[in-house]
Amino acid sequence: MKLLEHQGKQFLSSWDIPVPRGIVVKTKEKAKEAFHEFNGKAVLKIQVPVGGRGKAGGVKLVNSINDIDEFFAKWQGRDFKSFPVETFLIEEILNIKSEMYISIALNPKAGGLIFIFSREGGVDIEEVAEKTPEKVLKLNLKPTEEYKEYYFRKELRKFGLKGKILTKLSRLAEKLYLNFKKNDLMLVEINPLVIVEKGEIFAADSKIEVDDSGIFRHKQFQEFRELEYITELEKEAQDIGVTYVKLDGDIGIIASGAGLAMETIDLVNAAGYKSANFLETGGGITKELIHRSVHLVTKDKNVRAVIVSLYGGVNPLVEAAKGLVSGKQSLDRDVLIIAKALGNQQEECWKILEEAGIPILKNHRSEDIVEVLKQRLEVAS
Amino acid sequence: MKLLEHQGKQFLSSWDIPVPRGIVVKTKEKAKEAFHEFNGKAVLKIQVPVGGRGKAGGVKLVNSINDIDEFFAKWQGRDFKSFPVETFLIEEILNIKSEMYISIALNPKAGGLIFIFSREGGVDIEEVAEKTPEKVLKLNLKPTEEYKEYYFRKELRKFGLKGKILTKLSRLAEKLYLNFKKNDLMLVEINPLVIVEKGEIFAADSKIEVDDSGIFRHKQFQEFRELEYITELEKEAQDIGVTYVKLDGDIGIIASGAGLAMETIDLVNAAGYKSANFLETGGGITKELIHRSVHLVTKDKNVRAVIVSLYGGVNPLVEAAKGLVSGKQSLDRDVLIIAKALGNQQEECWKILEEAGIPILKNHRSEDIVEVLKQRLEVAS
Amino acid sequence: MSILLTNDTRAIIQGITGRIGSIQAMWMKKYGTNIVAGVTPGNGGTEVERIPVYDDVFETVEKHQANASVIFVPAPFAKDAVLEAIDAGIKLIVCVPEHIPVNDTLIMRSKAQEKGVILIGPNTPGIISPGIGKLGIMPANMFNKGRIGLLSRSGTLSYEVAGYINAAGYGQSTMIGIGGDPIRGADISVYLQQFDEDPDTDIVVLVGEIGGSVEEDAANYAKNMKKPVIAFIAGKNAPEGKKMGHAGAIIDGKQGTVESKVKALKEAGVIVADRIAEIPELINKLYENQNISEIASAKE
Amino acid sequence: MSILLTNDTRAIIQGITGRIGSIQAMWMKKYGTNIVAGVTPGNGGTEVERIPVYDDVFETVEKHQANASVIFVPAPFAKDAVLEAIDAGIKLIVCVPEHIPVNDTLIMRSKAQEKGVILIGPNTPGIISPGIGKLGIMPANMFNKGRIGLLSRSGTLSYEVAGYINAAGYGQSTMIGIGGDPIRGADISVYLQQFDEDPDTDIVVLVGEIGGSVEEDAANYAKNMKKPVIAFIAGKNAPEGKKMGHAGAIIDGKQGTVESKVKALKEAGVIVADRIAEIPELINKLYENQNISEIASAKE
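Residue numbers (this note's numbering), protein chains in the order written: chain A, 1 to 381; chain B, 1 to 381; chain C, 1 to 300; chain D, 1 to 300.
Be a bit skeptical, because a hint or two may be false.
[What the hints assert, rightly or not] Just a few of them, taken from the derived set where beta-carbon distance is under 8 Å, the chain C residues facing chain A:
1) 100
2) 103
3) 160
4) 164
5) 168
6) 169
7) 236
8) 262
It should be emphasised that the hints constitute simulated quantities derived from the structure, not laboratory data. For each residue, glycine too, the CB sits at the ideal point set by N, CA and C.
Isolated chain A (complex conformation) (with noise of 0.2 Å):
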């Protein structure tokens, strides 16, 4: 789950870390009126849960409410990158001395975790680290390790800090790696984290991600689940307990399985045809998982025919069959269902389903069932 640049920075300043002065709000008007707070300047964001906003004109200064309009004439209601734009942070200006780079994120390459810092943030980071990779600070921390303020600030001193300064990011790196582990975070990031004229530090921005599986353990971030930035049929997929990713096509795919997915959507697409979505069903199946799965490829009222593709090992495959002919007949539209299922169970479940009239392949070709799929559509048309 990622947080909004505004929620991060709730958890930032509650971890004692400072963070502008800010107003979340939802529409012009509200924003006008927090205006007012800010003695003439203000910056304006779009939250959204993804980068980028900054080189599109997502975050701009406002001297006027002149400025205000024009930039909720050009957000409100709009799309980035396929977030709708529904909220927006005012914040106070910084009197910025110099913009760093500070983060710490799950590095599956090493089985750990890394800590970069670069004196030279903002938006061109990756720039920074591509071509002077010997400006950029980055530290493994291995997992059953505890590393203190003094580790931190031992590597920072080697980039020419000293002083206040230097003890200011060390003591933020070890709240950073604490609030890490100790939330089950997968990323923190503060870009730009912003040094103002009298040497405080401030964090201008905030990318905080955290891991899904950690979640039960974490009441904070419960609250936070509720409010998550996704869609209203990525919601229900949550709800149901299966992955749901909307894609642009007509065909609909269930798999018991991310890579059997990816596997028929390449497949779908190869044969000329194009994938309106993928649902990823996971470990336990039961009837009502797959009746609901149903349901929800087919809301996109795109979707002209669904692809269930099903291994059965820790999946009931009897259920499976039961959910899939429960979830076709309570359809409210005619929408051509084709299922390939192997596995524990197999001949019970294909039984279900030739009974029911749901085409069903029998073996473990999935270049097959696209081929059923054409075969069907062809027909069809």
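Since the structure of chain A is provided, determine the placement of chains B, C and D on it from the hints.
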């Protein structure tokens, strides 16, 4: 800081460890009222921060209002091992199947913690441990390791435990261990740990000792600190920031170190006098601290003389001298005060004391200060 | 022979009394897997599928010389179950559950590596050595005994690939689902090395997918392998994996796309299949063109 | 020579800019101690008593080859300061603060032992090698150079004993306050061994007190020492130390009283003084009766 039984049980309960249903009362009337909630029988226990009350009749099964009258007649307003009996706990009777012993304690010898368990708990646990050490599990726990529930399970299994009761105990052990570390405890002990007929476990008693030096990072204990079961003079000492221990003679002792205090007591007693108390100043002496210390040790009206023995390392001897003078001058009665001071700034210190007419010994010999005491007291009488 | 799961394997099932654990115990036993015991704390002394159940893993090592374990305890408790197995001296652990917090996996992985334990998963269908046994949830009828070593990030896709291999008349020496989570217990190189040294494996088939760097790591190891490796990467049309903030880009650089993986694999001499259906043919060619052991020695 | 604090010592002061740290820096420097640097994070680049201040300990090791540290940071931060010194490669650490949580001390002690660091304290006056230097808060004028090794649980009592030793015309090779808390960094045996091996120490004087088991541990080590040991135990009339619950009794058995300590020491061949004032006489006797090196070799 030692928690009283009912305070300790409050914590155990907050860690999801079952404790018998109980009510804390201060008066006989409240006890009788509470008794009605226990179906005609209950256990009544005096609440004191010291062991041995069971053998002294401080824990009693009561079957009637009469029993309660008797118990209060015996205890209310009395002392137990010099602690005034002020609070009582009335508790439900458990249907005891067996009594076990479990604890986690600091083990200075091994530089770590120790987990102790015995299937035979109760008041005679020391005897069990001495006579049949094979019945007592003692596990040293290293400070840098993290012990999991399965570690305790594996070790407890070797004592013939199995199934539900085994995992109940191993989970209990893990809870005690984790909370010991988390809360900066010195001891958490449940004796007896009662297994009732249905197989559930209950903490029938509770001994928790908190590390005073760790309390600053535990808000929950700071509240208890206020309620701590200590005398008025001990509270005053805590407030000043010194250690005060009451003895039963007539010579007060103030020393800048526990060892020096003990040595002075030994010499005073060897010379045929008896020490009334000792007050250890610890490190950061101020004028104020010594001033108040002089008042504290002389609050006991038996005190007819005070020996003040100081070494100046961190302690500024000049400050001490000023505090001694102002302390003595503001006393409302005449008490002989003699001093011995060596270390940094010793000359200035001596000068102040001499000018104020306080006898001052200028060498290291505590035997000599006792000699001075002797002479002065003989002159006085 | 096979790798990791062999005739010497004496396996236990942690979480055997659970809903999934008990059903899977039945399937694993039915398949002939040498399951010597089960563990569910609190249920010691009972039985599941005539498998004796103990309160802790240590006891199964003492009494049954257990040396492998498959984990079916719920995700929140999986870490401690794995640590218990490691501490008890188990040397092969198959961690099936999905949704284990990544911080837990980091700890499991570190401890396993420290003690020389091979930890498969988490979020894995497990390991199957056809004809010998299976530790995991894969349907046994998807796999045939043979001389192809199969590694897959995706469980279901491994069944699909095995189907193609079987249909072509081949089979698997061992199939391992390496786990679908971002962090895995054992590195891919561990499995590749095992297959490379296994006298009963001729060819390794690797089923990868977009994201992460497993395939790049595999390419790196494959450079020095004696045996041929065929790879397939799923996800050409999958939406781009979201990088984590700027940090993701700084750590990974340009890795993680299908293109970068295919490039790395090809440069390492790995044969890359464009579609799964091509795999049998590629195997055929390897067997036809020359004796496999010659292939191996030619690369040496 | 002396032990631990010698002419090779290059010491730093952690917490040098604090109220106590800066005053004590002055006293230590005045006494001639080789203080090469101070450390207070955030104050790097400044000076205290003309001692250069750095932001971290590592830098003092790099630039000044520091090998010893005395800690004056407040108790809540002492643990991390000690761990920093250990990680930076410091080999002798004197931890002065009192009221350090015992759980913190346990960690400091473990890490120090793991890395072969001698950690004196916490809650110690420190160490002084008269004529060479002092790391700690003891008033220097209490100690004279000489050939008696002095160990004490109590700071102030060590000054008292040193006074008696000086008055008799002797002095100290080194005095160490081992620390007044229940848990100490270095075990008493470490110091006894150092004194036993030090060519400039003839006799060891140990000042103990009731409670704990340090004196029993010392007795145990003294059995095999070459040099004579004189001990004094304070607290005959002190109120009995409170045992911690039943656990205290189960752990310690009958240890911890003056009687048990005196008994253990005497059985180990340690000379026990009944009063501090007796100590000079006992030293006299040891020197008079025979050549000290003969005493040593006789025990060998």
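Evaluation of the provided hints:
1. A hinted interface residue such as residue 100 (chain C) counts as satisfied when its beta carbon comes closer than 8 Å to some beta carbon of chain A; here the least separation is about 6 Å, so the hint holds.
2. For residue 103 (chain C), the suggested interface contact is upheld, since its CB lies about 5 Å from the closest CB of chain A, less than 8 Å.
3. With its C-beta approaching chain A no nearer than about 5 Å, residue 160 (chain C) sits inside the 8 Å limit, and its interface hint holds.
4. The criterion of a C-beta within 8 Å of any C-beta in chain A is met by residue 164 (chain C), whose closest approach is roughly 7 Å, and the hint holds.
5. Below 8 Å, beta-carbon pairs count as interface contacts, and residue 168 (chain C) has none with chain A, the closest being about 12 Å; its hint is therefore violated.
6. Evaluation of the residue 169 (chain C) hint against chain A yields a violated restraint, the C-beta minimum of about 14 Å exceeding 8 Å.
7. Evaluation of the residue 236 (chain C) hint against chain A yields a held restraint, the C-beta minimum of about 5 Å falling below 8 Å.
8. Nearest Cβ of chain A to the Cβ of residue 262 (chain C): about 13 Å, over the 8 Å cut. The hint is violated.
Checked against the numbered hints listed earlier, the structure breaks hints 5, 6, 8; every other hint is satisfied.
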